[in-house]
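Trainee: Residues per chain, in single letters:
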Amino acid sequence: MGENTIIRFEHVTKQYDDDSPVLQDVSFEIEKGKFYTLLGPSGCGKTTVLKLIAGFIEPTKGNIYFNGKVINNLPANKRQVNTVFQDYALFPHLNVFENIAFGLRIKKIKNDEITRKVKEALKFVNLEGYENREIKEMSGGQRQRVAIARAIVNEPEVILLDEPLSALDLKLRTEMQYELRELQRNLGITFIFVTHDQEEALAMSDEIFVLNGGKIEQSGTPTDIYDEPINRFVADFIGESNIVSGTMLEDYVVKFTGKTFDCVDAGFNKSEDVDVVIRPEDLEITLPEKGKLQVKVDSQLFRGVHYEISCYDSEGNEWLVHSTKKAIVGEEIGLFFEPEAIHVMRHGETEEEFDKRLEAYEEVNG
Amino acid sequence: MKNRSRNFYLIPYVIWIALFVIAPLFLVLYYSFFNIEGEFTLSNYQKFFTPVYLKMTFSSFWYAFLITLFTLLIAYPTAYLLTKTKHKQLWLLLIIVPSWINLLLKAYAFLGIFGTYGAANSILEVIGIGSQQILFTDFSFIFVSVYIFLPFMILPIFNALDELNPSLLYASSDLGASQWTTFTRVIFPLTLDGVKAGCQIVFIPALSLFMLTRLIAGNRVITLGTAIEQHFLVTQDWGMGSTIAVFLILAMVLIMIFTGTRKKGVL
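Chains as they are written, first to last, in the UniProt record's numbering: chain L, 1 to 366; chain B, 1 to 267.
Be aware that a few hints might be false.
To be verified - With the Cβ distance kept under 10 angstroms, some of the chain L side facing chain B (calculated, not the full set):
| # | residue |
| --- | --- |
| 1 | LYS51 |
| 2 | ALA54 |
| 3 | PHE56 |
| 4 | GLN86 |
| 5 | LEU94 |
| 6 | PHE97 |
Read the hints as simulated data drawn from the structure, not as lab findings.
Beta carbons: idealized from backbone N, C-alpha and C, even for Gly.
This is chain L alone, in the form it adopts within the complex (with noise of 0.2 angstroms):
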């Protein structure tokens, strides 16, 4: 455990009465001043994690620390954590200044400090001015501000935030991740963020936690994720992909859709049945006879930025193309990729044993 770590699950375990578990057998350390978020499907058990850490359930199995002591059942109103709910939670007999004062007043703190520390807070959410407003008298995105105010204006070692964006518009939800990711930098507290939009967790996490069926599939920075996807859940999860079935014929090589390729993966046995991942934006369009795969364009959608091309190959598999480029619906083209292009996973394989063999390769080839 390093120094850094302040919250720390071990073999956390979270089961309701006889229903199958929501939360199985999950360890993971969170460190201090990054922006982590927890992204899945809904019923994935990432807003379960985030009660546990608030203290709203408790575990059924397992350990979690906070600073290194056991937390388990320590009540919510008595730990360094503040939320921000997805509902916003703002208490409405408040104006905005009580509501943000109300975790200030509970701590018995003086008047004239409670409001220099509001107004402080209000500036750090733009919310100048707006101490005696109503709440029903703010906008959505208004009232998401008032709620990161209550909870800042706090100065907890860490920061819940469970699907905050999600109500707002896209516009506003874009310009709140900026927002989000600029404030955690500036207070540097932990953020711990949870929702199910990856392009959101790709744009703003120092570190994501990809959780599926109460468990987590693989933790890592955007790239990794994004690059390196250890299955077929976190691939298709995180972005567009193309998967198709292969075989690993033997160390970067691969086979798939009947053709051999090179690749730059490793560690496989011979023959070993794999998926195979390429990126929308790593297929380019080509002439037929200069692409590595030849296809026919099924259908064609105007995605604004780019093209969002369907096709099919000899065999069926749907291969899906971004391009700046138009193609034409019922032609034959070719589509070219770079070796590096090509990302191969093992089925069934485990975060750690992903791990030990990229770095198992890695250290041969350096």
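Based on the hints, put chain B in the right spot on chain L.
Mentor: Then chain B, alone, in the frame of chain L:
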């Protein structure tokens, strides 16, 4: 055309309100200006401000206040526990069911229970305290009144508690509040409208209780309600009875204005 047909449907209600709400109010006001001989006079109003009637007014308010207070003290925790139970609708139904039984029947039932040879005294005998005079005391009057009004207080408070967004309670605890602080700073202020509604529903009828004062309190407690009944049925002084009724109506209107529920935005 549309407007006219809508007005047409309103006719039965307008007639109903005119006949059974507005007309009686004017009749009460009209009668209050006549003395027992049928002469026009303002003496009834003078009489109301004599110590006899002022004392009666005071005791009406005092008992109504006590009844409301005790009903609230019992109803709030009950409603709170109800929202925490698994089958809350069932429990709520069980609490409401007694209010469907006729008031008179319930009063007679208590006559039996609290009587000299009733169940309450039997229990007191067994535990060794001995037989007591329970009926015709302030205690029995307030006890039975609270029992009767309880469902009316529980219902609005239960609804207010049930509507409370649970994430507000999480937020309060997240911000460091203990359960008691959460109650005083979040739960109670947010259910105040329910409490107000409940107090109104209890206080206003409690002001004019007359049957219970006779049956349970044995006419030891004389409220404005009892006085009205006596004037109309016994002394036949309709004028004085109406005058008291006018003041009672004024009091009710004032209470409704002051405890009026201002709907704050529910998030």
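Trainee: Each of the hints needs a verdict: does it hold here or not?
Mentor: Now for the hints, and whether the structure bears them out:
1. Here the hint on LYS51(L) is kept, as its CB sits about 9 angstroms from the closest CB of chain B, short of 10 angstroms.
2. A hinted interface residue such as ALA54(L) counts as satisfied when its beta carbon comes closer than 10 angstroms to some beta carbon of chain B; here the least separation is about 6 angstroms, so the hint holds.
3. Proximity of PHE56(L) to chain B holds as hinted, the smallest CB-CB distance being about 6 angstroms (cut-off 10 angstroms).
4. With 10 angstroms as the threshold, the beta carbon of GLN86(L) comes within range of chain B, its nearest partner Cβ sitting at about 8 angstroms, so the hint holds.
5. At about 8 angstroms, the closest approach between the beta carbon of LEU94(L) and any beta carbon in chain B falls short of 10 angstroms, and the interface hint on this residue holds.
6. Proximity of PHE97(L) to chain B is violated relative to the hint, the smallest CB-CB distance being about 14 angstroms (cut-off 10 angstroms).
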